[in-house]
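J.: Protein chains in written order, with this note's numbering: chain S, 1 to 489; chain W, 1 to 487; chain A, 1 to 100.
Bear in mind the hints are in silico, worked out from the structure with no lab data behind them.
Nothing here was measured: the structure is a model prediction, and the numbers come from that model.
Only true hints are included.
30 Å max Cα-Cα, derived DSS-like pairs, lysine-lysine:
1) W:K300 to W:K151
2) W:K151 to W:K104
3) W:K300 to W:K104
4) W:K151 to W:K356
5) S:K292 to W:K154
6) A:K90 to S:K292
7) W:K151 to S:K292
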Amino acid sequence: MTALVVVVTLPLLAALAVLVLPERARVKLALGSVALGVLAALMLARAVWQDGAVLLTLGGWAPPLGIALRADGLAAALTLMSALVMAAVALAARFEMRTRRVGARAAFGFWPLMLLLWGALNAVYVSRDLFNLYVGIELLSLAAVALVALSGTAQALAAALRYMIFALAGSLLYLAGVVLSYAAHGTLDIGLLGERIPAHSDALALGLMTAGLLAKTALFPFHVWLPTAHAAAPAPASALLSALVPKASFLILIRLWFEAMPDLASPPAILMLAMLGAVAVIWGGILALVQKRLKLIVAYSTVAQLGYLFMVFPLAGGAGSAQPWSAGAWTGAMFHALSHGLAKAAMFLAAGICIAAVGSDRLGDLRGLARQLPMTSFAFALAAITLMGLPPSGGFTAKYLLMTSSFAAGQWPWALLLAGGGLLAAAYLYRPMAALFAREARVTARPIPRVWQAVPLALAALSILLGVLSATPFDLLQIARPEPAAEGL
Amino acid sequence: MSAALPVLILLSSLIPAGVTFFLAQDSHRFRNMLNLGGATLKLGLIIWMLRAVADGASYEATLSLAPGLVMLLRVDALALLFISLSATLWFLTTIYAIAYFGTKAELSRFFGFFSLCVAATTGLALSGSLISFFIFFELLTLSTWPLVAHKQDKPSLAAARVYLAYALPGSAALLWAIIWLESATGPVLFTDPPDLSTLEPGALRAIFVLFIIGVGVKAAIVPLHGWLPTAMAAPAPVSALLHAVAVVKAGAFGVVRIIYDVFGAANVVALGVGLPLAALASVTIIWGSVRALQQDEIKKRLAFSTVSQVSYIVLGAALASPLAMIGGLVHLIHQGLMKITLFFCAGIYDERAGIKTIAGLNGMGARMPWTSACFSIGAIGMIGLPPLAGFVSKFYLGLGALEAGAPWVLGVLVASTLLNAAYFLPLLYRLWFLPAAEDTTGDDRAPALIGPAVVTALATFGVGMLAASAISPLGWATLIVTREYGP
Amino acid sequence: MNLTVFALTGAALVGLGVYGLLALPHLLRRVIAFNLTGSGLFLFFGAAGARVGVLDAIPQALIITGIVVALSASALAVGLVVALARSSGKVVLPDEDPSP
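Whenever a hint applies, use it, and build me the whole structure from the sequences.
T.: Structure below.
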């Protein structure tokens, strides 16, 4: 329980503290709190592993009067993944977000925003209250928008504002749904909503909340803000934005559809969500294929990869009894969220190193960089393996679980999409790899410290390890798994 | 011990691979020792295991991933046949590669992926479940890509891209087949053939076709063979690896596993998919030979010859009769020995005399006697002249075809033999009987390059001469067929 | 009776705000539209809290929180708009610029 309190409050306190410190101490404090945060996330995961879901009622008041925080297996896994990504980003930012490299404003602004974003993420992971989730996701959006604007160029500001418009519209839609739901049921607690007496306005409320969250998750057709925003931010910020931020709004969707109102999941609604996901996989992949800049390729790849997550709606459970493991769609989607988080962060950090070395991320300028930056290029390749869903990575485990479920549920077209999406990923990731590994004698690359180079490699290796040692995270995700995830929506 | 040994065998190439990546480019001595040490250790372990298995020991190691994903390493006679081949040839190829590359650049990367490739092949051979077979199959794809692209010039990169463009859709088909099958039967272990009765015959046929597409890309079955001749842009040790030790062999091995351990020979016959596959293999055998005839580059000619020869293994498996099976399995070994000899020699001609085309071979028999002798033995073996290795394979395939009631296969074998002769004999004629051009240079006084070729050439002789003994490949293949598949 | 008036007013504000958010290219107007939508929602929320006649404290607490959140969002948005206007001289997004 202490660990739960720490993961929520530590980042927020640290965010306040770094505001008043000079640069050197600021970085030290941020790194220290990230290390502490990883430890707390580990302890939280251990507690959940040993004793099941950890529940905390604030001030001892049970819902509907009080507010409950609860860490189930999924929340613990996401918290741990986020802490690891944060640690990597902080280590990379120690080199990258320096005054002489990015200017005083960005060097100062990055640290409190990063910590704020982290606190908001953790709050969303463990919140059980719709309004609390609203505050969390709003805070998350604000921190994310500010990170996009950090460089201060007109381009970045425009990207940030476009993102902000989508984020604010999304928040309002979500809030409208929350208000409607409260008007009908007089409670905001997800657990209590699961036991509610259905009302007529429920469908509208769920629809509004879903639409708002889709805009924040950047699911097709709400994805238009994502690539420019993610490409405009400094690389460590892009890593956070792509790897973690969409997962928070996706998690709220899961909470709504699987825990609060599973009874409203009618086949057409589910099909629509999944179709949007399918279009995202294909459209995002095609757009990634034609980009000429590394960061844009990686950003469009996020659009595509987020589409896979929505396969969870038609597949979770399905004909769950056909095979002992085919209730794995839910777990498969969560595995995808975890491995995508690790791999995508690794990719953006690697892109950041490339930019620091040659001052550009045009594919033509990156040719032959593998010779100067072997570790970085290798990290990029490992992360690509995860995104393509090739064994033995975490992405493969996710794909395997989703594919078996789609066959078990008799919905093999989704499996076709998963297989095709993997090939599309191979196609669009091949281009940057071919550029990196081309034979060309470059002399202009600036030297990059080895520690910095090792950071994305470590993250990418983790995303592979997630597949090699998938038994433990699989079991962790089962802890306090919502019932409809096993029985089907 | 029974769980540790398969893992140790896997680690004997995995650990050198991992360490090699981090070595400095110029630490040649340590890198060579590491790789040779790993190869030697692996050979030793396999010899130990061969003796133990003959005494009735069994080895198994399991690692459970997420439910349904069972990583199972298990030693059976078929696995032993394949790893004995790959370990022996890895050892020889390592010696050859060290001599071939000398002190060129990027060798740490090369040997790292080289060992990783062999580790993947070992894992694939030892796999006891379909899903672990798939995982190692993919690892093999990924670790061969950098080897094909090693030179990093335009043709190599193009070849590497073509390779991936074939291999990745192939593995998607394979994964699709595995998941379709397992969603009906549960995880498939090779020891315990799955119960296929829950699936419609139509679905089973579709699954079989997907399986064959999946492994067929690696086995270079026509029309999925396009990548193999292009991959000739890679350096000679890589070609040797692709053609004899790892990739193509993995595909052929996969066909054998799928027919005998997943579907079962009886089901393959009952579903009526064996004969179409045999027919496809026959087309591949003829087509590969015809294309080989048209090539002027030595390595291209050898590559098309591989396309043709590997399908003997597929043919043997597809006929689904015990004798044809013996012929196919024994060819797995024989083709490996002969083809690696030829590629070693082709590399020596290129490296020591700059000869790439067939016309350049004129009169080289006198200048490079050792190389030319080895090359000749490999070529004659391929044609199938008794008592060399190729004859034994073809003899059993022919008997098996009669047994399976498919006498037309004999026609294929005869035609292919004639074609083999037509594309190899002119080479031998040029080597030994035509005068050398005035300006030719080169010699073959490079023991580390010649040594491996001599060993494999002698083995080509040996396995044919000693075919009747129990420890020959033929003896093993007979043992496998009688022990595991019954008469 | 009273409550219906509140709820309808809230709905009208939301409608106006959504229109502005979607249709107006000028960024400052969009920020105001966002605030309008938020205010409408809070009004509706307050009305919903009082629906049974008894005063429900939770909506009031939440509305105050919501106003604070909306305020900080507006502050950030206005800050970004000002920065954009300074660096590019325009108060619209580049691809929505009516004057090319």
